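Engineer: Those sequence lines, one after another, are chains A, B and C. So in our numbering, the last spot in the first sequence is 164, and the numbers never skip. So in our numbering, the last spot in the second sequence is 282, and the numbers never skip. So in our numbering, the last spot in the third sequence is 638, and the numbers never skip.
Treat the hints as calculated values from the structure; they're not laboratory data. Treat the hints with care, as some may be off.
Restraint-style ranges between C-beta atoms, simulated for each label pair [as the list claims (entries may be wrong)]:
1) B:I6 to C:S540: 15 to 25 Å
2) A:A61 to C:K595: 13 to 23 Å
3) A:P31 to B:N247: 42 to 52 Å
4) A:A61 to C:D410: 29 to 39 Å
Not everything, but these chain C residues come out facing chain B in the computed CB check (under 10 Å) [as the list claims (entries may be wrong)]:
5) I415
6) L440
7) W474
8) K480
9) T485
10) T596
11) L603
Rough simulated footprint, nothing fancy, chain B against chain A, three-plus residues with beta-carbon under 8 Å [unchecked claim]:
12) 19-26
13) 33-42
14) 73-83
A quick note: this is a predicted structure, and the numbers were derived from the prediction, not measured. Don't be surprised by glycine CBs; every beta carbon is placed ideally from N, CA and C.
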Amino acid sequence: MTYLAKSPWIIHYDASSCNGCDIEILACLTPMYDVERFGIINTGNPKHADIFVVTGSINEANREVIQNIYNQMPDPKVVVAVGICACSGGVFRECYNVAGGIDKLIPVDVYVPGCAARPESIIDGIVTALGILEEKRTKNVHSPQVTDNGRAEHPKRHAKGGAE
Amino acid sequence: MAIVFILVAPVIGGLVAGIDRKITAHMQGRVGPSIFQPFYDVGKLFEKENAVVNETQIFYAVCYIIFMAFTGALFFAGGDLLLVIFALTLAQVFLVLGAFAANSPYSYIGAERELLQIMAYEPMVILTAVGMFVATRSFNVSEIATTTIPVVLLIPGIFLGFLYTLTIKLRKSPFDISTSHHAHQEIVKGVTTEFSGPSLGLIEITHWYETVLLLGLLYLFFGWNPLLAVVAIVVLYLIEILIDNTNARVRWQFAVKSAWLVALIVGVINLAILYFLSGGVP
Amino acid sequence: MQIAQLLIFLILFPLIAAFFLLIAKKDTEREWIVKLSALAIGIVSVYLLITTYDKGTLLISAIPAEPTGLVMFILEMIIAVYILYLGITYRRWLVVGLILVQSVMMLYFELVYSHSVHIQANLFSDELSVIMALIIGIIGSLICVYSLGYMKFFHEHHPEMPDKRPWFFGILFLFLSAMFGLVFSNNIIWVYFFWEVTTLCSFLLIGYTKTDEATNNAFLALWMNLLGGIAFAGAIIWLAMFGNGMMGLDALTTSGKVIALVPAALIGFAGLTKAAQLPFSAWLVGAMVAPTPVSALLHSSTMVKAGVYILVRFAPVFDATVTGYLIAMVGALTFLIASGIAISQSNAKRVLAYSTIANLGLIVACAGIGTYEAIWAAILLIVFHAIAKSLLFLATGTVEHRIKSREIDDMNGLIVRMPKIAAMMVIGIAGMFLLPFGMLISKWAAIRAFIDAPYGFLFIIILAFGSAMTLFFWAKWMGKIITVTTDSQNIEGEVDKSEWAALLCLAGLSFITTLLFPMLSIHLLEPFLMANYGNVARLSQDNIIIMILMLFLLMLMPLSILLPKHKHRHLAPYMGGRTTTSDMRFSGSLGVQKKTVLSNYYLQDWFGEKRLKSWGIWLCSAIICIMVLSAVLKGVIL
Ligand code: SF4
Numbered sequence: 001m002t003y004l005a006k007s008p009w010i011i012h013y014d015a016s017s018c019n020g021c022d023i024e025i026l027a028c029l030t031p032m033y034d035v036e037r038f039g040i041i042n043t044g045n046p047k048h049a050d051i052f053v054v055t056g057s058i059n060e061a062n063r064e065v066i067q068n069i070y071n072q073m074p075d076p077k078v079v080v081a082v083g084i085c086a087c088s089g090g091v092f093r094e095c096y097n098v099a100g101g102i103d104k105l106i107p108v109d110v111y112v113p114g115c116a117a118r119p120e121s122i123i124d125g126i127v128t129a130l131g132i133l134e135e136k137r138t139k140n141v142h143s144p145q146v147t148d149n150g151r152a153e154h155p156k157r158h159a160k161g162g163a164e
Numbered sequence: 001m002a003i004v005f006i007l008v009a010p011v012i013g014g015l016v017a018g019i020d021r022k023i024t025a026h027m028q029g030r031v032g033p034s035i036f037q038p039f040y041d042v043g044k045l046f047e048k049e050n051a052v053v054n055e056t057q058i059f060y061a062v063c064y065i066i067f068m069a070f071t072g073a074l075f076f077a078g079g080d081l082l083l084v085i086f087a088l089t090l091a092q093v094f095l096v097l098g099a100f101a102a103n104s105p106y107s108y109i110g111a112e113r114e115l116l117q118i119m120a121y122e123p124m125v126i127l128t129a130v131g132m133f134v135a136t137r138s139f140n141v142s143e144i145a146t147t148t149i150p151v152v153l154l155i156p157g158i159f160l161g162f163l164y165t166l167t168i169k170l171r172k173s174p175f176d177i178s179t180s181h182h183a184h185q186e187i188v189k190g191v192t193t194e195f196s197g198p199s200l201g202l203i204e205i206t207h208w209y210e211t212v213l214l215l216g217l218l219y220l221f222f223g224w225n226p227l228l229a230v231v232a233i234v235v236l237y238l239i240e241i242l243i244d245n246t247n248a249r250v251r252w253q254f255a256v257k258s259a260w261l262v263a264l265i266v267g268v269i270n271l272a273i274l275y276f277l278s279g280g281v282p
Numbered sequence: 001m002q003i004a005q006l007l008i009f010l011i012l013f014p015l016i017a018a019f020f021l022l023i024a025k026k027d028t029e030r031e032w033i034v035k036l037s038a039l040a041i042g043i044v045s046v047y048l049l050i051t052t053y054d055k056g057t058l059l060i061s062a063i064p065a066e067p068t069g070l071v072m073f074i075l076e077m078i079i080a081v082y083i084l085y086l087g088i089t090y091r092r093w094l095v096v097g098l099i100l101v102q103s104v105m106m107l108y109f110e111l112v113y114s115h116s117v118h119i120q121a122n123l124f125s126d127e128l129s130v131i132m133a134l135i136i137g138i139i140g141s142l143i144c145v146y147s148l149g150y151m152k153f154f155h156e157h158h159p160e161m162p163d164k165r166p167w168f169f170g171i172l173f174l175f176l177s178a179m180f181g182l183v184f185s186n187n188i189i190w191v192y193f194f195w196e197v198t199t200l201c202s203f204l205l206i207g208y209t210k211t212d213e214a215t216n217n218a219f220l221a222l223w224m225n226l227l228g229g230i231a232f233a234g235a236i237i238w239l240a241m242f243g244n245g246m247m248g249l250d251a252l253t254t255s256g257k258v259i260a261l262v263p264a265a266l267i268g269f270a271g272l273t274k275a276a277q278l279p280f281s282a283w284l285v286g287a288m289v290a291p292t293p294v295s296a297l298l299h300s301s302t303m304v305k306a307g308v309y310i311l312v313r314f315a316p317v318f319d320a321t322v323t324g325y326l327i328a329m330v331g332a333l334t335f336l337i338a339s340g341i342a343i344s345q346s347n348a349k350r351v352l353a354y355s356t357i358a359n360l361g362l363i364v365a366c367a368g369i370g371t372y373e374a375i376w377a378a379i380l381l382i383v384f385h386a387i388a389k390s391l392l393f394l395a396t397g398t399v400e401h402r403i404k405s406r407e408i409d410d411m412n413g414l415i416v417r418m419p420k421i422a423a424m425m426v427i428g429i430a431g432m433f434l435l436p437f438g439m440l441i442s443k444w445a446a447i448r449a450f451i452d453a454p455y456g457f458l459f460i461i462i463l464a465f466g467s468a469m470t471l472f473f474w475a476k477w478m479g480k481i482i483t484v485t486t487d488s489q490n491i492e493g494e495v496d497k498s499e500w501a502a503l504l505c506l507a508g509l510s511f512i513t514t515l516l517f518p519m520l521s522i523h524l525l526e527p528f529l530m531a532n533y534g535n536v537a538r539l540s541q542d543n544i545i546i547m548i549l550m551l552f553l554l555m556l557m558p559l560s561i562l563l564p565k566h567k568h569r570h571l572a573p574y575m576g577g578r579t580t581t582s583d584m585r586f587s588g589s590l591g592v593q594k595k596t597v598l599s600n601y602y603l604q605d606w607f608g609e610k611r612l613k614s615w616g617i618w619l620c621s622a623i624i625c626i627m628v629l630s631a632v633l634k635g636v637i638l
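Let the sequences and hints guide you as you build the complete structure.
Structural biologist: In structure tokens:
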């Protein structure tokens, strides 16, 4: 028996979301969806969190923050990208300052598509994440320490991304 | 009794926390987690990695739980009430030191606020012990608990004052200024910000010990009638949950000032009356 | 007979040492004299404990009173002339006025009454004297040893100051001698003489550096203590006039209240000035300008302890009198207000100063209440405070030399930078406010004592609030020290051996006294209380066992470092998602590098020094006026 799946604590980070997805995440906490039923708590502190929920895409201002939060979470941990922006950059993909989806920076375990992602699918995504979390624990996976090696080559990557 | 406390208190404390969360959820129109959720949480914390800012934090967390358990054991073994209170302070100081040790802004502010909180409730807690002594002529928990004197009727003012500080000690809104048991965030997570995994789990268990100890203190007010005492504890805890859910967090200035004012007013009035009644003044 | 020799040795030996220190010019000579005489004084005080053990009060009449009295009187007059001279050269007319008044009083007494005074025993020793002698003999001489290293460093780093170390060490030992005299004198005129010598010594030591600030503060200390001296002289004259020449402490404290009350009130007033109670607290805070060992000496084992010693002596007279309660009230209010002010102070030495004032307040409150339980608490407080406070002062002094600052905020991460001294400091702070250590036991005893005293609830409420504040300022200081910073290096370096020895002894003492406190209580305090009050106070067996258990738990804790441990992953502190460098720098807005600086809460708006002090001064002055007036009125009527 494992407790990990029964008590997933999340940290929610709004990368450069339009706030649409954030509102939906908040909706999950309301009496309507009540994710606390599953023991899910929004901790707001990476050191207490098991699941990193990111909305919005990467840009210059938040890449450092995303990496920092990811690195500060104790193992085992999973990342859930919520909304199409977080998955791939979405409608902002072509913007001059956007580098793309979260997986450009940190390993993402679950992608929750949608613009905005519906609370049901967010919850579904987190439940899927629980399975992965459990798997990581049994396999004793050590998450990588991500460092910002992309900053210098960023323009190139962006150009490539834009061309695709 | 002391050993029973050390073994059973976490179970009771955890259940209380679980029931608390369930009731809170119902008050907010939610279903809420299982009442065993706190155990799942702590179980999970022990499954996680113990990542720290520095090793000394673990040391302080361990000291915190050891001395809290010690304090509770002392109380339930029927020891000296003042000694219990001072030992409780010692335990609390370890938590504060753990937060200081991390050299992190959030836990640092949390530590300072925790100290402010201690400063806010300490006078009232000491006055409670003194009030009980004046009522029962004993500092011994075992004697106070088995007295035939209706303690609460003799020191109603001190009782009210104690309830006020109980809200602070249980880290309930409106006084959850240094950290909170629920999913509320204040200065990230205050004193516990920099603890993670097993050390955070230890702190959670310590809080359960503390809850049971505090409920034990409540019991002393009704010691002459165990049945009434149990009813009173349940009712009062429900009231605490209600207060928690109907009040917004206040600023620490208000917390300290109001707690002191309450202690001063009820302490002075209640003790003065008792002294005059018992002919303490020549 | 043997005991008489011991007492005389303790009084005269430091004097001889002082003389040799004055003429010793070489550093090595001085070091040897100080170390050997400190050792001798320490050993003899312990030996005194052994020989007087279980003997109760011993009166010693061996010393010829007439010639000694005359010598003392002449010395007193020389001191007066010296102070007069200083007062005139520095144009301190208040001091001049006070010393004139005092000398005239003593002259008058000497001419008119001195022949009618007959005392069998001029010296005596009982358990209280022995306890005080141990404090002076052990802690006082440890401080002297510490000073060796400190003063050497001090003068190396302050070349602008004239190096007058022979003078400095001479006065230190003179001070010890005067303190021994004070606690062993039964003749109140002798007590007065030694009292005045301590005033002079403290004046000279505070003014040692000769800066303007030091001189000002030295004169501040002088006039406040002279005021107390005048009250003392007044008490002596009163006794001569109405007390049939009853000048022995033993007779006074057991005489029944009527005759003794007025002199007790006057001497109580003198005690309040010396113990730096509000409104006279300013001199002790001002004394912080002196080199740190001086502060340590004034705060822990000498000077202020003389003030509370005399109050505890007279406590049987105060028991259940209005005078006693008013003195106790002054003490209690001082405790409350000084604890509050300590919160707002960021300078370590000032925090220590205010905490000293606060703790003395508590002792005064206990002495004023004067029941056997209260006296028990008071003596415990004297003992434990002396140890913890001297340790803290000396540790602060050593730290100050290394980090060049007295600010608590600059002591951030001391545990990394100077682990050994930081550990000493943590022990000292813990000794001041945490459970198994002595100070808290004494506070606990004080609560119990207050409960049974009439009007006790007022004192309890004050104590409850005061100790909450105490906790706040100690804990936040402790937190600063134990913060683990990642960027700092160990800069402890070579701590001077004599400093180190003194620190280590004191840290050891705080543990040992806590462990041995039941013995202390049974073998010294209880006989004393039995003899003076016919009743004893003690802690129950269970509680003592519990506390010793806690002490062992605490001592075991640091050993856990030795246990094999897994490597934990280290994370930087959470900074809202910002990455930080190891010295806690992060890039703020526009990429500007910022450094994280963490500072304690000082709550200036609530506990600001000015505001609280003016309140305290008015309140306490009013109470003191009422106290003296009521006692005098009562005395006149009766
Ligand atoms: S996915 Fe849609 S709703 Fe969500 S952040 Fe992007 S644009 Fe907004």
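Engineer: Find the hints from earlier in the document that the structure breaks and name them by number, from lowest to highest.
Structural biologist: 3 and 12
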